[in-house]
Amino acid sequence: MTVRANIPLIFERSTPGRRGYRLPELDVPETPISELIPEEYLRSEAPALPEVSELEVVRHYTQLSRLNHGVDVGFYPLGSCTMKYNPWVHEDLVSLPGLSAIHPYQPEETVQGALELIYNLSEHLAAIAGLSKASLQPAAGAHGELTGLMVIKAYHNFRGEGHRREMIVPDSAHGTNPASCAMVGYKVVEVPSDSRGGVDVEALGKLVGPNTAGLMLTNPNTLGLFDENICQIAKIVHDAGGLLYYDGANANAIMGIVRPGDTGFDVVHFNLHKTFSTPHGGGGPGAGPIVVSEALAPFLPGPVVAKDGDKFRLVMPEHSIGRVRSFFGNFLVYAKAYAYILSHGPQGLREVSEAAVLNANYVMNKLKDIFELPYDRICMHEFVLSGACLKEYGVRTLDLAKRLSDYGFHAPTIYFPLIVEEAIMIEPTETEPKSTLDEFIEVMRQIAEEAKENPEMLTSAPHNAPVKRLDEARAARHPVLRWARQ
Amino acid sequence: MRYLPLTEDEKREMLASMGLEQIDDLFQDIPPEAVFQGDLDVPGPLSEAELIRHFKALAAKNQDTTKLVSFLGAGVYDHLVPSIVKRIVGRGEFLTAYTPYQPEITQGVLQSIFEYQTMICELTGMEASNASMYDGASALAEACLMACAATKRELVILPATLHPQWQEVVRLYLESQDVSIVYMPLDEQTGTADLNQLSELPWGEAACAVVQQPNFFGLLENVTALESRIHANGGLLVMAVDPISLSLLKPPAEFKADIVVGDGQSLGQAMGFGGPAFGFFATTEKLIRRMPGRVVGETVDAEGKRAFVLTLQTREQHIRREKATSNICSNQALNALAATIYLAVLGKQGFRDVGYQCLQKAHYLKQRLLEIPGLSAAFSAPSFREFAIRGAFDWAEINRRLLDRGFLGGLPLARFGHPDLILFSVTEARTKQEIDAFVSTLRGLIQ
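The listed protein sequences derive, respectively, from chains P and A. Here the first sequence stands for residues 79 to 564, where the numbers follow our numbering. Here the second sequence stands for residues 17 to 463, where the numbers follow our numbering.
So that you can see chain P by itself, here it is in the shape it has in the complex:
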């Protein structure tokens, strides 16, 4: 990337009196505003929005866009985020007025197509998860976690077991897992990983008990490893009266290969913006639907869609926890996931996961001789290297990440999971051709060489990005969170 950032803020482009978009002339008789709204409610000064022309707005944001790395721009091996290709046809589909210009309070008979889409997608996600019923209301993965835990809590409460307030979470888990537990008032009990990177089954056996609400597990886990003991783990938790929560962040590895429901999971959330290819949008909107077992279905948030003959209608599950978001969740996002499933079909979804796993293992195998691979096993859709071997040259994983952008690649996820020192988490995804993987491998090897011969090249990176390395500490010490009016 050679575009240099030196773009003023949109406010700094403002010229008093300049106009962009204009409304049609007001065509109803006017009533003085003072007769409609009492003086004490009215603002005395207009908000200082920019005064710019339409072309200025277009140029400004087009220039800003060019400072971004996206999947459309180049390789984006950000582990645990599944930065795969986002099919452009999906943008056309959700722009159809029949989907984009409908109101959520319209009478059901006028939105049968939308309800059908929700119903179908719920069924398809249930089929992929190997479970029973879905709710599409959660707006993101963390929101799905929160919702799933609320459902688990409601289930235990309903059975008179409200004292079950301990949720077991592996030490390799995403930060959202313990944070979501706290949001439902659960105590987090951490279970360590064993020497092969999976849940320490012996430790788990000692942690479960009468207060266990359940276990949250990502499988494959954040090391990119499939937990070989999953059936045993499920038995331990179920025997103790707990439920199993599947964090679907890594579901790109398992479509059509393993169904979480078959391995004992009771609740699954899917990150549709990962596995099902809805664009990440710079951090959102995503969608984090949950799918649950027959026993938990009555507790789902509602409404959900039921089918009577060829008619669809909204119903509240019998013991619904209520609502986690207004209306039906991120409809125009999950409509893209629906399109993605239809494009692939059963065989295609399986091929997606196979290729994702193949790509990851290929890259891992070509890098494990120069970086440390803490768990040397066949990985699933991603793997975690350690950059600790660079430390002797005064170079850290962070420096490697910055240097990668000079070669046109986005960095992997770094410093996560926490149980690997100087972690480098790489997820190539299935949509990358072998040639891109080979280039990435070559660049990684080259950077490792640079670390030895010219470490400063890494520690002062990036060199070709729109800005040089940022002073992140300063931003946190003296927060400047908005443009100050002159």
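Be careful, since some hints might not be right.
[Claimed, not checked] Derived DMTMM-like pairs (lysine to aspartate or glutamate); straight-line CA-CA distance at most 25 Å:
no., chain 1, residue 1, chain 2, residue 2
1, A, K27, P, D105
2, A, K339, P, D105
3, P, K385, A, E413
4, A, K302, P, D549
5, P, K265, A, D194
6, A, K83, P, D317
Honestly, the hints are just simulated from the structure, not real lab data.
Since chain P is already given, all that's left is putting chain A on it; use the hints.
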């Protein structure tokens, strides 16, 4: 498959490089009893042309507002959206980026969020805004939880005039953390919180009092009366506001709000059956380290040049885990970007024009409806772009007939316990001709 580039030769070559023969060898860690046998029960594959056909058929089963004239609101509004909003937001560099973890190569997202935060501060008058949240309802729930954490209290006062769906979301979030809720009752005459019953409420125990402005019925609440009560008792004032109304209405900071939230759908977003849009969240400088969600701050690069970065991250889940201010991990960046572009292109005057036209057109419809015998104003408080009308009719049935004539009528409030009421919303997108035609059609149906 369409999006899978590896050829069979390449697959063989890649497997061979690892000493493997077939794809199944990659899955040897999965216990045999866990392996799924058979095909997933999903349809497809469809080609692109078949997929488009399928979606068009689904869309055709919906009746949309490009064909119907809509007076529905209640949280989602049919506003005009300038063409450039969708065009720019659709650029792949914005669409296919992720959370800006590597700030040096995501300055576009970061700067646009910084501009967004500034605009939210300008609208609300508050000192700091986060980078956006899922929606208005969940943002309000998070605001209540933040108030509880800031005051170390476990009770929240909610108005009965809050949007019913927002009440549901807030209740669920608060119950999950054993926070109690006390409701300010509705004043049946004004349509706002009943000020005569304020002394009954447990102000001394309340972490915050919430006020929605305008409220669910589109009416303006007497914020000052509530503000003095809650602040005198050491609680926080949380305001849930409609951003379009802030083009005309006094910013919440001038009412001494401590936290301000709202739903951003009306700022340049498609209605999309209710999502995605975004929630905004703003607060005072004093409380910024208790804020949930992503925040972008200004800094400099190694050459001293201004740049932007995610900041104050020690509040967040990936660092604090169960001690984080919230579990929220993402924001609604693309929707916040759409709002930023929307507000930029409308500009200072254009934004005011939107609010002004909504107010005038809503008032015009209200006056015209009140000319119809049998209809009366439901409440006495002043309204903005939404209002409730009283009339002893079967509003669901009337709406069905309106639909046959090309109108999407208001929202009957029977399901919320107000059998004779119907809530109408009018935006700048409605024309006088549409309003007049609607009124005469409705008049014909009623008489």
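Hint by hint, here is what the structure shows:
no.	hint	result
1	A:K27 <-> P:D105	violated (66 Å)
2	A:K339 <-> P:D105	violated (55 Å)
3	P:K385 <-> A:E413	holds (23 Å)
4	A:K302 <-> P:D549	holds (23 Å)
5	P:K265 <-> A:D194	holds (14 Å)
6	A:K83 <-> P:D317	violated (57 Å)
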